[in-house]
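Visitor: As you go down the protein sequences, you meet chains A and B in turn. Mind the numbering: the first sequence is residues 1 to 588 in our numbering, read in order. Mind the numbering: the second sequence is residues 1001 to 1206 in our numbering, read in order.
Hints listed in this document are in silico derivations from the structure and should not be mistaken for laboratory results. These figures come from a predicted structure and were not determined experimentally. Just so you know, not all the hints are guaranteed correct.
One-sided and incomplete, this derived list gives chain B residues near chain A with beta-carbon spacing under 10 Å [as the list claims (entries may be wrong)]:
(1) Met1107
(2) His1108
(3) Gly1133
Listed next, with one range per pair, are the computed distances between beta-carbon atoms [what the hints assert, rightly or not]:
(4) A/Asn140 x B/Arg1161: 47 to 57 Å
(5) A/Pro55 x B/Ile1076: 39 to 49 Å
(6) A/Asp424 x B/Gly1065: 21 to 31 Å
(7) B/Val1157 x A/Val467: 53 to 63 Å
(8) B/Arg1161 x A/Asn183: 46 to 56 Å
(9) A/Pro478 x B/Gly1065: 32 to 42 Å
(10) B/Gly1065 x A/Pro115: 37 to 47 Å
(11) A/Ala358 x B/Glu1163: 30 to 40 Å
(12) B/Ile1076 x A/Leu295: 21 to 31 Å
(13) A/Gly470 x B/Arg1146: 53 to 63 Å
(14) A/Pro478 x B/Asp1149: 25 to 35 Å
(15) B/Arg1146 x A/Gln426: 31 to 41 Å
(16) B/Glu1163 x A/Thr113: 41 to 51 Å
No residue lacks a Cβ here, since even glycine has one placed at the ideal position from N, Cα and C.
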Amino acid sequence: MLSACGGGGGSDSSTPAAPAAPVNLQVEPGDGMLQLTWAAVATAQSYRVYWSTDPLTGINPAAFIEVDAASLLHTGLTNAVPYHYVVTALNTAGESAPSASISGEPGAANPETDPLLSDQWHLNNLAWPGEDVDVMPVWNTCAPANSCRGEGVQVAVVDDGLEVGHEDLFQNVATGESHDYVNSGSDPTGGSHGTMAAGLIAARDLNGRGLSGVAPRASLVGLNAVASGRIQDLADAMTRGDAVAVRSNSWGSPDGRADLQFAPQVWRSAIETGLAQGRAGLGTLYVWAAGNGALAGDNANYDGYANHRGVIAVAALGPSGQRASYSEPGANLWLSAPGGTGSCSAAGRLATTDRSGAEGLNAGGAEDYSVLEYTRCLQGTSAAAPLVSGVAALMLQTNPALGWRDVRIILAQSARRNDATHADWQTNAAGYNINHTYGFGAVDAAAAVALAESWTDYRSGAPSRHVTPGTLADVAIPDNEPTGITSALSVTSSGITEIEWVEIIVSADHPYSGDLDIELTGPSGTVSRLAETHACWQDNCTPYLEWIFGSARYLGEPADGTWTLAVRDLAAQDAGRLDEWQLIFHGR
Amino acid sequence: MSSISEVFQTLTRGAPWMIALLFSICSACLCAGGKSAADMADQYWYDGERQRGIWQQPGLIAEFGDIGPSGGVAAIYPNAVPLSQPSGQVRIWRLPGTDAQELIQSMHGSSARLSPVFGDHPQGGRLRSLPGGIIVQFQTDWHEARIRDWLQAKGLVPGKRLEFIDNAWRISTPSGIAALQTANALYETDQVRAAFPDWWEETSLR
């Protein structure tokens, strides 16, 4: 940061003007230090920070520091002594006028606080009471002390990177467990996205810095497979590290395409391996961002990653507990969690850790924090999924014997019915609240941890599986006609009295698959809306060729009975046929 | 479509294997006849047992590895326009007025790691390209020595054994179309359970 270079003095034929004076100076105190930031000046090549312990009305030539960036960490200061600053900008044309002066007083931070915690409405929502993850009761009432914040549980952040040395994360980073897929090392420091997700899971609490994660003493593992982008790495990150209990995934197929995008077999195999062998056979928890493409007609059921039976797909809520506009619907959704909406300045987004310096989401803009290690501008299902990962860590800490299926069931049973008047809420035949926008509802940490603690209904190992024969429909679908066609499938002697997941495999020959509206109705009358008529991105509609839809909505219902698939073509011009469909039930 | 000569250029060892590979490629071309959706595609690959079609994007090229901003494609072709940064360690360039395959051939022998860019749709869709390397899953009763012998006969060497799939190995290949053709040829021997390129695949951070 510090630079000894001079301002230079040469000029050329297009002599630039001296830069404008810096504005928006801010100062943050620390123990024996002050952090100064200001708005970058476009034509500046460097800055000169003049300082004094006496009030400044202009520059103080006796004491200055030159820096290249629009910030300075001024260290070696005496606590409780006021320091005064003005800043100028320099380029080859000269030095600007001084900024307005600013003062700050170094002081030891209170180690028992997280200064930005009050901005984390997703942890404690004061504006809309109750519309948060309800984790404060877990932290405040656990016994024995210091064993309720994720201690001993490893959570992997599969993303573009994780800044392992971040001031509010490093205490929780599991030494030597992270992996850099780009450079084949152990330091995945890189993109900012994963660092933001990590803070939501396990930013360190009560350290006098920053803010707090949902499980603020859980151990973090950074796996930057998304920075590599190779399918082998994306698959490897699903199983790397024997001690990892939860894998938080804030990525997936490209959003906003409104097209069927499969997950490759190598990734699906890795998920199956993790479910069967992770956590010494109890199964790894995979938490997945449902997708941000709703405004473009996208649906989480079209994404082969979020649509897989082994993942917990999480939708995003705004601070009022209603759907974030970008959050994709889907019959595969399991839960919802705060993801943020609106502008940063309206405090509708989430506060979390950010990549240090200007490489993060917070690049020094006026509406974000002055300290670049944090941001209050994150929004997306990328934010919602890590919160559920943190809750899963708290559940596993409370009851390490829970299998992956147990955790899913508990999350469903303990979810809160948010946005209570939303028109899509229904109750399925097993008594679960279900909603295509919210899954089983908003995650509730206190309820989930309490249920995890008292859990006795264990479901160990793999679920039972029943595969129906393919139903050869071979029926033309009337074009642009609202009645459409139906095809029935009778299931008998499946042996499954409590469904945990249904896979619906559909093949339909249609030149524009986005025309099709597809619904499955179960024996108890529960409906899964699998596809809605929509425009495809660039008019590219992948045909329904053995596409596997996932549905969570039959949880707890029996499999036996008559299942009906309804297919309607609700748009003009193209026509096609329903070829074949099939069901696979997972449950007990 | 890549040329057969390119296969000769990119795979430099294993003459007997090369003949088999070329025969396999030509067989695949001859067999194309409306059997599946993939038959309509420029190329295909095997995602496990499933054949999937892909379409080459003629104006795009992928560059992999740590090349400075003025190196690689940018140095050879100054008019190349970088696409908005996709996820992953790849740069995708749009090449106004130039065919990607021609550029790849013109840069043969350079240190650049290049690949055509494919879409899952004729007009694009999700993008994917070939940074090099394939993954092969062998029969469960094939032990390492047998695997090494089998691969060696084809001019290939197993790399790392993968932990998350049963009896699967990563095998180095050059970047680009050679990786795809090698994987397809291995799968079409009917002696392995799976063989597919280690694709770079377009993803979204959410």
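Visitor: Hints first: check each against the structure and report whether it holds.
Guide: Hints, verified against the model:
{"no.": "1", "hint": "Met1107", "verdict": "violated, 22 Å"}
{"no.": "2", "hint": "His1108", "verdict": "violated, 23 Å"}
{"no.": "3", "hint": "Gly1133", "verdict": "holds, 7 Å"}
{"no.": "4", "hint": "A/Asn140 x B/Arg1161: 47 to 57 Å", "verdict": "holds, 48 Å"}
{"no.": "5", "hint": "A/Pro55 x B/Ile1076: 39 to 49 Å", "verdict": "violated, 59 Å"}
{"no.": "6", "hint": "A/Asp424 x B/Gly1065: 21 to 31 Å", "verdict": "violated, 48 Å"}
{"no.": "7", "hint": "B/Val1157 x A/Val467: 53 to 63 Å", "verdict": "violated, 39 Å"}
{"no.": "8", "hint": "B/Arg1161 x A/Asn183: 46 to 56 Å", "verdict": "violated, 21 Å"}
{"no.": "9", "hint": "A/Pro478 x B/Gly1065: 32 to 42 Å", "verdict": "violated, 53 Å"}
{"no.": "10", "hint": "B/Gly1065 x A/Pro115: 37 to 47 Å", "verdict": "holds, 42 Å"}
{"no.": "11", "hint": "A/Ala358 x B/Glu1163: 30 to 40 Å", "verdict": "holds, 38 Å"}
{"no.": "12", "hint": "B/Ile1076 x A/Leu295: 21 to 31 Å", "verdict": "violated, 40 Å"}
{"no.": "13", "hint": "A/Gly470 x B/Arg1146: 53 to 63 Å", "verdict": "violated, 37 Å"}
{"no.": "14", "hint": "A/Pro478 x B/Asp1149: 25 to 35 Å", "verdict": "violated, 59 Å"}
{"no.": "15", "hint": "B/Arg1146 x A/Gln426: 31 to 41 Å", "verdict": "violated, 56 Å"}
{"no.": "16", "hint": "B/Glu1163 x A/Thr113: 41 to 51 Å", "verdict": "holds, 43 Å"}
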